[in-house]
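Undergrad: Chain residues, written in single-letter form:
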Amino acid sequence: MNIADCQTTLSLHERANEMYQLIAELYPICRSITGNGFRETLRRIGKHIPLTVHEVPTGTRVFDWTVPREWNIRDAYIKNSRGEKIIDFHKSNLHVVSYSVPIQQKLSLDELKAHLFTLPDYPAWIPYRTSYYKEDWGFCLSHEQLLAMQDDTFEVYIDSSLEDGSLTYGEYYLQGESTDEVLISCHSCHPSLANDNLSGVTLTTLLAQELSQLTLRYSYRFLFIPGTIGSITWLALNESKVTNIKHGLVVTGVGDQGKSTYKKSRRGDADIDKAAIHVLQHSGKDYDIIEFFPYGYDERQYCSPGFNLSVGCLMRTPHGRYPEYHTSADNVDFVKPLSLADSFSKCLSILYILENNTAYLNQNPKCEPQLGKRGLYQMMGGQADRKTQEMAMLWVLNLSDGQHSLLDIASKSGLEFSLIHHAACLLATSGLLKDGRGL
Amino acid sequence: MNIADCQTTLSLHERANEMYQLIAELYPICRSITGNGFRETLRRIGKHIPLTVHEVPTGTRVFDWTVPREWNIRDAYIKNSRGEKIIDFHKSNLHVVSYSVPIQQKLSLDELKAHLFTLPDYPAWIPYRTSYYKEDWGFCLSHEQLLAMQDDTFEVYIDSSLEDGSLTYGEYYLQGESTDEVLISCHSCHPSLANDNLSGVTLTTLLAQELSQLTLRYSYRFLFIPGTIGSITWLALNESKVTNIKHGLVVTGVGDQGKSTYKKSRRGDADIDKAAIHVLQHSGKDYDIIEFFPYGYDERQYCSPGFNLSVGCLMRTPHGRYPEYHTSADNVDFVKPLSLADSFSKCLSILYILENNTAYLNQNPKCEPQLGKRGLYQMMGGQADRKTQEMAMLWVLNLSDGQHSLLDIASKSGLEFSLIHHAACLLATSGLLKDGRGL
Amino acid sequence: MNIADCQTTLSLHERANEMYQLIAELYPICRSITGNGFRETLRRIGKHIPLTVHEVPTGTRVFDWTVPREWNIRDAYIKNSRGEKIIDFHKSNLHVVSYSVPIQQKLSLDELKAHLFTLPDYPAWIPYRTSYYKEDWGFCLSHEQLLAMQDDTFEVYIDSSLEDGSLTYGEYYLQGESTDEVLISCHSCHPSLANDNLSGVTLTTLLAQELSQLTLRYSYRFLFIPGTIGSITWLALNESKVTNIKHGLVVTGVGDQGKSTYKKSRRGDADIDKAAIHVLQHSGKDYDIIEFFPYGYDERQYCSPGFNLSVGCLMRTPHGRYPEYHTSADNVDFVKPLSLADSFSKCLSILYILENNTAYLNQNPKCEPQLGKRGLYQMMGGQADRKTQEMAMLWVLNLSDGQHSLLDIASKSGLEFSLIHHAACLLATSGLLKDGRGL
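The listed protein sequences correspond, in order, to chains A, B and C. If you read the first sequence in the working numbering, its first letter stands for residue -8, the second for the next number, and so on. If you read the second sequence in the working numbering, its first letter stands for residue -8, the second for the next number, and so on. If you read the third sequence in the working numbering, its first letter stands for residue -8, the second for the next number, and so on.
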């Protein structure tokens, strides 16, 4: 079974429900860029796909960076003078600024305020904050909670540890026919945030599971990494493998109800760019294509000038463009099975194109071949769309000159890739085309 | 006399009337892709230009195709049980599906209906149908005729023959100064259809006649061929001549009242494309430029990847975009002398550009030459357009650097080619330009 | 001090007033393409900058042209039969057609009229006319003056001389770090015309004065020349220096109230084009960018195909597009200090870009460098625009691959050049970039 077969047989509805359940399962875990929350997340992903878990020791030099100390947290709260926990880590792991150092102290409200973060514009939501590279501590809370705090003496307690340990990431390498590979990368370091993190994590997991059952032209590498430091670490430790990466996608924020957005690779005209644009253009739905810019997710590293990989980013609403982004409102209700299903389907369609985007050579390049005597006018589909299908064959024949891939032909003709691909298969079977993959 | 002189002296009105009369003369003949109708058509064209008639035997292999058997028809009708001819080939040769095999049979209405073709949306019109590569027979009739047919026993009679013979085509090669040639091709295989066939045939005939009286830079090859199989046959039998073809036009459907349409060659930026686009842009009339697509007329073959000739297609309303297309309504009344005249004039303008599109070399490339001391400010036309004409000279001087043809200069300056050409001639006469044709 | 420092410290208001005063001072002088008016103009410019005055003898061959005889004028008038001066050169030097030969004659009104030029559409204005290359004489007057003339015998007197002498031009070469140079050219041959001439002359003068106090990467060459024949003469006599000219600007018509217009060099994508377009795009004001055409000012010569220099033209309303052009209405009131200030500022901004448009090489091209540990997040400006400034650093790092200049990066990122430049300086100081100027 290949991707095309998979596309026709698979139940998107089922996949969406599985993704949604996995999001719900992973949501309560307190992840950060290192630590046990990340490990636990990988353990659960590992039930779906044969993940290799890597541990990279604190202090390892990775290009200009150093793998940081490992952070773990067990408990944290703010108590008022009556001993009531007014902020409790166990109610939401967003309450603690990620990488907060341990603390146990009594503070006045004024002293405490320097360590409190709220969103006055969204008074019911808790913000998400980190302090990875500067030793500090802090609490995030809703603005309503802050306003309710009277002048008092507060007990602040964070039972965390920041010690030498390791950075953990998960990797699944799926061997295809070729050593050329497609990279699928998702950051997996956010705590209870559903869209910005878990939507990408679960889509990548189920996509990997699905592909593992198929016959594939490319090999696939799935990375579950902490953002920024994770991709830098992987690139630093795997430099020799990088030349195998022919195409790549960063998958993130794929569960909200916004339209699909594809951010181009730094190259701007890589096959992954053309494939993703084709899929969105033919999706029948609204979409956005945006140019590469050196901000966002791990495409920043994959597309740094020293690598310049053909890696784009598939998402729905871009980061920072929806108010729920990096707040407690990016919860399990914020992501929708229908959006997950649609994003999953678009990923499959993009990979279907990459897998089948061959450049053929017309074996009868002088004048058109006589399709009728080969029965090629009848072989494709129903009468209604016969004309489109004949056009697809004529386009493939006309442009299979060694200069145009099937994706180029789809683009020039305005026809969907699958039509062009199907036409090419029929023509190849009839001996009218020769696979010029190695061109 | 050259084309420019011809353009100023010729009576378009007379040419249009001659074309129109020739359309009327050729209209009744029952043409098909082979047979005596085609031969008779060429015989009449041969009264206007010295046509060479080629006969290619049935069975000749032409690339992936085989020259088919020759079809001829003498009579055909459907009689009702009262012996009345309700459908009569002699009233319209569209009544018989082209390449129908001979038949004489009695049939019920139901049995007959499988062989009858009508246009329910245009109940008064007879459709045009062919069955070249599948042995069959059929009648085309108006939907009104069909509705008038009562249940009855019908006598069906087609006195045709489908036998070994030959494919006929006409060719006129007009020697110019150079062996580089311009191809003008028209399909001539349609029976009583005035616009889709005869407008192109007659324009090509009169254009050839006109050019034969002129001094020409290029050699010209005019082909009167059956559609598809004719161009394939010519290409297969004349492969060695193909490299001489520098520019080409398929001329077809040039008599209806729609705006002029130019379909680009597969190359998309060939000189023929630039020339035709320039002419339409400066025509002062509405027009359409369309990209190449591998469907339509014989440009499909000339632009197949193994040839990829610089051949575009000049028409008015594209095939299939007007309801009269391939029906009895595409009759002599459907084409208009004014449209024929306009199309003829545009063809001449395109050829005028090709004939004169030289790349000159400015002999005084450092700073402007002093035009005044050479009297060049006064030499061109009246005071009113002197400024435009001086601009034309300055543009030609500035861009005659070996990288720009006169057509490029016309395009960059926005000025009409004839202005640019006239300016270049004056400058060349003054020794300020050197003909760089051989660049 | 460099241009950036100058931009922040200089008083545009003061410069505008100086330009305006210099325009007023130079306005009454009767300039032509040769003669004492031109010399007197250079003498006064020479009080501001150390100008070298060149004299090129009449008869000198300069490419296709010959340096003309020198023209000087002392007096001219038309007297009526009552001895009243009805037209007096001393009231406006526009009254005499430039290069008029000496004359003293009595004429009837009819005979005189062949030598009188007016603007019927602007009856109060005197036109500006020349007859450089055809020996003739004439008077320009307002149409009102013409209408007031009764039939009479008129005494016509022009005390001019047209004799062997020389063509005069001024040049100021300002040595920078490199022998690569920027050419700033203005025509200075028009008599009492304020915008079309003196605005460019005075802006060039004050720009030269300003730059002479700065540390400069490029050398600068300022030319004060008669139009057309002046640039041709300079190019002919200085051919060996031409290869040093890397960028250039013709400055003219920069004092009217119209929007800024930049006319591209013939190359169309030279750095001067990109820099000027960037400045206008980020000016926050309306502007026009126009393609090169071989008419206008001395860019016609600099951009002739044998030189094809990267020279554009900065102006406000293009020549001929305002009714005051080449009339007595282009007077001191027509130019505005605010417009002069704005044009001056834009020139400085363009030169600031050229001076700093380096291509850097990212020394840490694999993944992003860790900016935080170098304190680079805090080093730029206030909190408010910190995000934009971080983006500028990320853009510079991402695109400093040897293929992109800072101007390219500004263009791709949409950020202002100064932001990009500032970011690059910080990164270079941190050792993250290496100056790749010599790429």
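Derived from the structure by calculation, the hints contain no laboratory data. Any given hint could turn out to be false.
Since copy identity is lost for identical chains, a pair holds within one copy or between any two.
As the list claims (entries may be wrong) - Capping the alpha-carbon separation at 25 Å, the derived lysine-lysine pairs in BS3-like fashion look like this:
1) Lys425 <-> Lys327
2) Lys265 <-> Lys403
3) Lys250 <-> Lys357
4) Lys357 <-> Lys125
5) Lys425 <-> Lys38
6) Lys364 <-> Lys425
Undergrad: Among the hints numbered above, which are violated by the structure, and what are their numbers in rising order?
TA: 1, 3 and 5
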